[in-house]
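Visitor: Got chain A; can you put chain B on it based on the hints?
Protein chains in written order, with the numbering used here: chain A, 1 to 376; chain B, 1 to 805.
For the record, the hints were derived by calculation from the structure and aren't laboratory data.
Check each hint, because a few of them may be wrong.
Stated by the list, open to error - List of simulated lysine to aspartate or glutamate pairs, EDC-like, C-alpha gap at most 20 Å:
id: 1; chain 1: B; residue 1: Lys353; chain 2: A; residue 2: Glu152
id: 2; chain 1: A; residue 1: Lys255; chain 2: B; residue 2: Glu479
id: 3; chain 1: B; residue 1: Lys353; chain 2: A; residue 2: Asp322
id: 4; chain 1: A; residue 1: Lys166; chain 2: B; residue 2: Glu696
id: 5; chain 1: B; residue 1: Lys797; chain 2: B; residue 2: Asp785
id: 6; chain 1: A; residue 1: Lys166; chain 2: B; residue 2: Glu586
id: 7; chain 1: B; residue 1: Lys442; chain 2: A; residue 2: Asp322
id: 8; chain 1: B; residue 1: Lys662; chain 2: B; residue 2: Glu644
id: 9; chain 1: A; residue 1: Lys239; chain 2: B; residue 2: Glu479
id: 10; chain 1: B; residue 1: Lys442; chain 2: B; residue 2: Glu424
id: 11; chain 1: A; residue 1: Lys38; chain 2: A; residue 2: Asp54
id: 12; chain 1: B; residue 1: Lys735; chain 2: B; residue 2: Asp719
id: 13; chain 1: A; residue 1: Lys255; chain 2: A; residue 2: Asp299
id: 14; chain 1: B; residue 1: Lys746; chain 2: B; residue 2: Asp785
id: 15; chain 1: B; residue 1: Lys353; chain 2: A; residue 2: Asp141
id: 16; chain 1: A; residue 1: Lys194; chain 2: B; residue 2: Asp692
id: 17; chain 1: B; residue 1: Lys189; chain 2: B; residue 2: Asp13
id: 18; chain 1: A; residue 1: Lys166; chain 2: B; residue 2: Asp544
id: 19; chain 1: B; residue 1: Lys102; chain 2: A; residue 2: Asp222
id: 20; chain 1: B; residue 1: Lys217; chain 2: A; residue 2: Asp222
id: 21; chain 1: B; residue 1: Lys612; chain 2: A; residue 2: Asp96
id: 22; chain 1: B; residue 1: Lys353; chain 2: A; residue 2: Glu158
id: 23; chain 1: B; residue 1: Lys2; chain 2: B; residue 2: Glu127
id: 24; chain 1: A; residue 1: Lys194; chain 2: B; residue 2: Glu696
id: 25; chain 1: A; residue 1: Lys190; chain 2: A; residue 2: Asp238
id: 26; chain 1: A; residue 1: Lys255; chain 2: B; residue 2: Asp474
id: 27; chain 1: A; residue 1: Lys173; chain 2: B; residue 2: Asp409
id: 28; chain 1: A; residue 1: Lys194; chain 2: B; residue 2: Asp544
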Amino acid sequence: MSLENQIATLRAELGAAIAAATDEAALDTVRVAALGKKGSVSALLASLGSMAPDERKSAGPAINGLKTEIAGLIEDKSTALKAAALDARLKAETLDVTLPLQPAPTARGRIHPISQTIDEITAIFSDMGFSIAEGPDIETDYFNFTALNFPEGHPAREMHDTFFMKPGADGVKKVLRTHTSPVQVRVMQKTNEKPAAAYMTPAMDPPIRVVIPGRTYRNDSDQTHTPMFHQVEGLVIDKSSHIGQLRWVLEEFLKAFFEVPNVTLRFRPSFFPFTEPSMEVDVQCDRSGSEVKIGEGNDWLEILGCGMVHPNVIANAGLDPDVYQGFAWGMGIDRIAMLKYGMPDLRAFFDGDQRWLDHYGFRPLDLPTLFGGLSS
Amino acid sequence: MKFTLDWLKEHLDTDASADEIGTTLTLIGLELEGVEDQGKALKSFVTAHVVSAEQHPNADKLRVCKVDAGTGELIDVVCGAPNARTGLKTVFAFPGTYIPGKDMTIGKGNIRGQVSNGMLCSNAELELSEDHDGIIELPADAPIGVSYPAYAGIDGVVFDISITPNRGDATGVYGIARDLAAYGLGTLKSTDMSPVPSKGKSPIAPLPHQFGADEPKAIRRFGGRYIKGVKNGPSPAWLQQRLRAVGLRPINAIVDITNWVSLGWGRPLHAYDADKLNGQPVLRNARNESFDALDNKVYTLDETMTVIADDTGPLCLGGIMGGIRSGVTDGTVNVFMECASWDADLIARTGRKTGIVSDARYRLERHVDPALTDPGLELATRLVLELCGGEAMEPVFSGEDVYPNTTIDFPLGEVARLTGLAVEPMVATAILSRLGFAVTPKGDGFSVKVPSWRPDVTLKADLVEEIMRMVGVDNIPVEPLPRLNHVAPRMLTAIQNRRRIVRRALAARGLDEAVTWSFISHAEATRFGGGQESLQLANAIAADMTDMRPSLLPGLLAAARRNANRGIGDLALFEVGQVFLSDAPEGQHTHATGIRTGSAGLSGSGRHWAAKAAPVGVYDAKADLGAALDALGYDIDKMQILAEPAPWSHPGRGGRVAQGPKTIAWFGELHPAFAAELDIAGPVAAFEIDLDALPEPRRKPTRTKPALALSQLMPLSRDFAFVVDQSVTAAVILKAARGADKALIKDVTIFDVFAGSHVGEGKKSVAIAVTLQPLDKTLTDEDIDKVSGAIIAAVTKSTGGVLRA
Numbered sequence: 001m002s003l004e005n006q007i008a009t010l011r012a013e014l015g016a017a018i019a020a021a022t023d024e025a026a027l028d029t030v031r032v033a034a035l036g037k038k039g040s041v042s043a044l045l046a047s048l049g050s051m052a053p054d055e056r057k058s059a060g061p062a063i064n065g066l067k068t069e070i071a072g073l074i075e076d077k078s079t080a081l082k083a084a085a086l087d088a089r090l091k092a093e094t095l096d097v098t099l100p101l102q103p104a105p106t107a108r109g110r111i112h113p114i115s116q117t118i119d120e121i122t123a124i125f126s127d128m129g130f131s132i133a134e135g136p137d138i139e140t141d142y143f144n145f146t147a148l149n150f151p152e153g154h155p156a157r158e159m160h161d162t163f164f165m166k167p168g169a170d171g172v173k174k175v176l177r178t179h180t181s182p183v184q185v186r187v188m189q190k191t192n193e194k195p196a197a198a199y200m201t202p203a204m205d206p207p208i209r210v211v212i213p214g215r216t217y218r219n220d221s222d223q224t225h226t227p228m229f230h231q232v233e234g235l236v237i238d239k240s241s242h243i244g245q246l247r248w249v250l251e252e253f254l255k256a257f258f259e260v261p262n263v264t265l266r267f268r269p270s271f272f273p274f275t276e277p278s279m280e281v282d283v284q285c286d287r288s289g290s291e292v293k294i295g296e297g298n299d300w301l302e303i304l305g306c307g308m309v310h311p312n313v314i315a316n317a318g319l320d321p322d323v324y325q326g327f328a329w330g331m332g333i334d335r336i337a338m339l340k341y342g343m344p345d346l347r348a349f350f351d352g353d354q355r356w357l358d359h360y361g362f363r364p365l366d367l368p369t370l371f372g373g374l375s376s
Numbered sequence: 001m002k003f004t005l006d007w008l009k010e011h012l013d014t015d016a017s018a019d020e021i022g023t024t025l026t027l028i029g030l031e032l033e034g035v036e037d038q039g040k041a042l043k044s045f046v047t048a049h050v051v052s053a054e055q056h057p058n059a060d061k062l063r064v065c066k067v068d069a070g071t072g073e074l075i076d077v078v079c080g081a082p083n084a085r086t087g088l089k090t091v092f093a094f095p096g097t098y099i100p101g102k103d104m105t106i107g108k109g110n111i112r113g114q115v116s117n118g119m120l121c122s123n124a125e126l127e128l129s130e131d132h133d134g135i136i137e138l139p140a141d142a143p144i145g146v147s148y149p150a151y152a153g154i155d156g157v158v159f160d161i162s163i164t165p166n167r168g169d170a171t172g173v174y175g176i177a178r179d180l181a182a183y184g185l186g187t188l189k190s191t192d193m194s195p196v197p198s199k200g201k202s203p204i205a206p207l208p209h210q211f212g213a214d215e216p217k218a219i220r221r222f223g224g225r226y227i228k229g230v231k232n233g234p235s236p237a238w239l240q241q242r243l244r245a246v247g248l249r250p251i252n253a254i255v256d257i258t259n260w261v262s263l264g265w266g267r268p269l270h271a272y273d274a275d276k277l278n279g280q281p282v283l284r285n286a287r288n289e290s291f292d293a294l295d296n297k298v299y300t301l302d303e304t305m306t307v308i309a310d311d312t313g314p315l316c317l318g319g320i321m322g323g324i325r326s327g328v329t330d331g332t333v334n335v336f337m338e339c340a341s342w343d344a345d346l347i348a349r350t351g352r353k354t355g356i357v358s359d360a361r362y363r364l365e366r367h368v369d370p371a372l373t374d375p376g377l378e379l380a381t382r383l384v385l386e387l388c389g390g391e392a393m394e395p396v397f398s399g400e401d402v403y404p405n406t407t408i409d410f411p412l413g414e415v416a417r418l419t420g421l422a423v424e425p426m427v428a429t430a431i432l433s434r435l436g437f438a439v440t441p442k443g444d445g446f447s448v449k450v451p452s453w454r455p456d457v458t459l460k461a462d463l464v465e466e467i468m469r470m471v472g473v474d475n476i477p478v479e480p481l482p483r484l485n486h487v488a489p490r491m492l493t494a495i496q497n498r499r500r501i502v503r504r505a506l507a508a509r510g511l512d513e514a515v516t517w518s519f520i521s522h523a524e525a526t527r528f529g530g531g532q533e534s535l536q537l538a539n540a541i542a543a544d545m546t547d548m549r550p551s552l553l554p555g556l557l558a559a560a561r562r563n564a565n566r567g568i569g570d571l572a573l574f575e576v577g578q579v580f581l582s583d584a585p586e587g588q589h590t591h592a593t594g595i596r597t598g599s600a601g602l603s604g605s606g607r608h609w610a611a612k613a614a615p616v617g618v619y620d621a622k623a624d625l626g627a628a629l630d631a632l633g634y635d636i637d638k639m640q641i642l643a644e645p646a647p648w649s650h651p652g653r654g655g656r657v658a659q660g661p662k663t664i665a666w667f668g669e670l671h672p673a674f675a676a677e678l679d680i681a682g683p684v685a686a687f688e689i690d691l692d693a694l695p696e697p698r699r700k701p702t703r704t705k706p707a708l709a710l711s712q713l714m715p716l717s718r719d720f721a722f723v724v725d726q727s728v729t730a731a732v733i734l735k736a737a738r739g740a741d742k743a744l745i746k747d748v749t750i751f752d753v754f755a756g757s758h759v760g761e762g763k764k765s766v767a768i769a770v771t772l773q774p775l776d777k778t779l780t781d782e783d784i785d786k787v788s789g790a791i792i793a794a795v796t797k798s799t800g801g802v803l804r805a
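Extracted from the complex, chain A is given alone in its bound form:
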């Protein structure tokens, strides 16, 4: 067989073998059979050595051409096979992207409305220069009543439905605080004693501006009363604060809290032992629909009590009531949370029902700030 025929036959055979290779292994077998040490193209190349110089002159380029051509075909085929293999693998890796994700509880943790509301109140009052003050839940009769100008035996004491602790060795009964007002006295009192615990706000000198959120307790239970509830109290003591400023503080707070442009308040003279003059405050609202709308409408809703701190309370704290004066107010945290967010039943606040918490709770990063807005 002439060399040309040999080359042509090899080109045809190898071309067909390369084309027929379905994977890299088969292609490699063809490569070894053609270009390996003992391969057919290599054998042809080796035959060049025994050729006459003339013959070699023409046969050399032809055989080398065949080698290059076959190597090129194998390279191309290899690239094609790799691409096909990747395609096939990726196709096999296809997943159903519509499958629902695992319901991670991470997506569901919620902040209780009471905590959120306290954070909202804190954001507003800290901007007005109020710090947060705290005191103990188990109080003495002195701080809960006597220092706050509740005379012994006065009907106002009875109105508080007080929880008493069992008497101690000295026969004295402590109480569960019926309001956050004892902290007023603890903050105002003239004393050099450090508080007994780190959470208790130390006594301070005027000017005093504090808000006091916390748990309070009364022996009462129905749809709108629970034996435990939350109050927030405000206290301003200096040498000049008066009811005109109290009105401003409350109006500004309620506007900011309910996130409405206007609120109309109605101040009614009332009675609390620890303030004089005393007032109850109603906020104008619309109760005609299923939601209470603050800042519009023709209804009034009692929302807080307030007044000028009673001279006796100022004196009980060791300050001169003719020099120092100020105002205080108190309202229910649970109550204003219910008004703002529409929870119908106070009792559900303390049940820990996951469905309720998920519905009325707040996302962990919904941190109330004035710059970002109280609620999202």
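Guide: Chain B only, in chain A's frame:
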């Protein structure tokens, strides 16, 4: 307190409308709770005659009545009231009538097999009073089939106001009229309270006050008047109607008169049937006596309570309630009328002790005008003579009234100082004068004498309130509170910040925040380390709310149980709140406590296509704890983790986190016995952090962070495996390895733990990876061998284990 527009107009000459009066009452501090046009609400109720009442064949407590309501035919009505009887005149509601006290519309019905076409009504059903003991009883001569409110004279406007505890003077219609007149809503009318001439000496002497020197004495002045030969019986229609309109049941003329004075002037009285007294009555304290009161209950009176007593025993619990024995009836002929003044605080105390709620107590514990004691008696006497006839004997008095006689120095600027509103002196003094204060100029201001009916006014601030409520708080100009700092300084303390941060960190890990009761049951408190007597309530509201909680876990676990009962067994819940280790302020700590139940791990709960969620375990609790501590700025790996489980924990799956002597936190799986007792199925992983035990972060003078040294050299890692006893904890191995060369060793992690027969009975293999960070030069093989040797030596020494071959 309820009163009618009619009644008010008896004391106040005014053209003001009911609306205007209602609004004004609220503005001046007598908060209007409701105003009702009773005629409108009750007009469909009619008077009716029970022609017959027979026992219901199928129900012991029911009666089948034939009722004549003026329609010309008898109506069948089934009635459950004990006083439904043949011949009674009462009040009837036709089918279709709305019953306000029941919030329902009565229909035609069949009650246990008997037709019932309408309803016989009680005062409570008409919302006229709380009285639901039986159906309304009308006089025998009442007409049939006429509108009940028109018949009863309760077709007018009724105001209901709430009286604050300081305003005893406003517990009578007269006092309310006085306030409205001072505001300018009319003129106060005067009433004849002049002495009624006597017909002779009183058969009853002035009541002696028999009290020991140190005994509490509630009585101040006792006035009594013997009225001879009265003809008692039902009072006239105008008086009955007036009482009914405000929810009182007319009894008889004498009793109705005492109620009329009590409600009209806020001056409670009591009437005795003089013929039922045994000997001369006296005033003394009780001696552990039993007393049959007019509310048909028997009370035991003690030596702190003042009584009016005769030779037989107590006749009346002073200032609170009369007794049955000497009660006035229709047949009473001779009356002894009492009008006395009492110590308000002692009345309040006796009222609280006995729990008796009466119109007399309500007024007397709020202070009754002492200037009304004698005139009140005259007022009542005059009306008794007018309505019942008879002869009034000389009044008898003993003891002295106490007048506060307060005079207050009132500087001109006080109103502006406290309210910000400058009131003209003329305006201020005019207001005070109209309210009954005597104002005289003194120095730069005034001297103000307080009237006898306002003992609550003792200070300048009280006068400011009087002026303010008449001027109207709405007229005080609003003024901004000046800022103390232009940028507010730090407002939260460290512990306040910790609570805020830990809440949001835990919520971000998928736990819901709960708020649970501060009080729990005694059994739970004891189980969780509390329950001491000083933390028990003396007057708990419920049996499962008796003890202050020593831990937040009982509340969370109870919530878990309630959720499980609703089908939510996979739950992640936390609370940040106070616990009580003692009743002292320092015994109150803030805990952050969380639980996960069922399969509510961090990666999701329940059955799912991707992976079956594992039941929660101790490592879930530890992970939550670590994340919470990290959010608070503490590294759990730098704290002591001790294999010392909490009392509530599975004994082998729980730990304590400590720093020095302080316990910072607990974590673990709930002890299965606890879970069973608490009726909780499935696993619970829990942690509790004592936020008060965490050290206060040190405040440095600057906020600069420590310098950061970044090495240019590549870190390298070496693995070691040790065979140790099962009881050897990871913490011991890690501590030993880390301590082998503190300069070079940057990190040690455990990447494999296993046990099996090939490592030996009671043994386990623990594999650690140690990261070495070269400091100034690349490590040679020799350097590495040296460190490796030190690590192996340290671990084998501290654990007694061996390097695994």
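Visitor: Now look at each hint and say whether the structure bears it out.
Guide: Hints versus structure:
no. : hint                : result
1   : B:Lys353 / A:Glu152 : holds, 14 Å
2   : A:Lys255 / B:Glu479 : holds, 16 Å
3   : B:Lys353 / A:Asp322 : violated, 39 Å
4   : A:Lys166 / B:Glu696 : violated, 34 Å
5   : B:Lys797 / B:Asp785 : holds, 18 Å
6   : A:Lys166 / B:Glu586 : holds, 18 Å
7   : B:Lys442 / A:Asp322 : holds, 18 Å
8   : B:Lys662 / B:Glu644 : holds, 14 Å
9   : A:Lys239 / B:Glu479 : holds, 16 Å
10  : B:Lys442 / B:Glu424 : holds, 16 Å
11  : A:Lys38 / A:Asp54   : violated, 26 Å
12  : B:Lys735 / B:Asp719 : holds, 16 Å
13  : A:Lys255 / A:Asp299 : holds, 17 Å
14  : B:Lys746 / B:Asp785 : holds, 17 Å
15  : B:Lys353 / A:Asp141 : holds, 19 Å
16  : A:Lys194 / B:Asp692 : holds, 16 Å
17  : B:Lys189 / B:Asp13  : holds, 7 Å
18  : A:Lys166 / B:Asp544 : holds, 16 Å
19  : B:Lys102 / A:Asp222 : holds, 18 Å
20  : B:Lys217 / A:Asp222 : violated, 38 Å
21  : B:Lys612 / A:Asp96  : holds, 19 Å
22  : B:Lys353 / A:Glu158 : holds, 11 Å
23  : B:Lys2 / B:Glu127   : holds, 12 Å
24  : A:Lys194 / B:Glu696 : holds, 16 Å
25  : A:Lys190 / A:Asp238 : holds, 14 Å
26  : A:Lys255 / B:Asp474 : holds, 18 Å
27  : A:Lys173 / B:Asp409 : violated, 39 Å
28  : A:Lys194 / B:Asp544 : violated, 36 Å
When the structure is compared with the earlier hints, violations turn up for hints 3, 4, 11, 20, 27, 28 and for no others.
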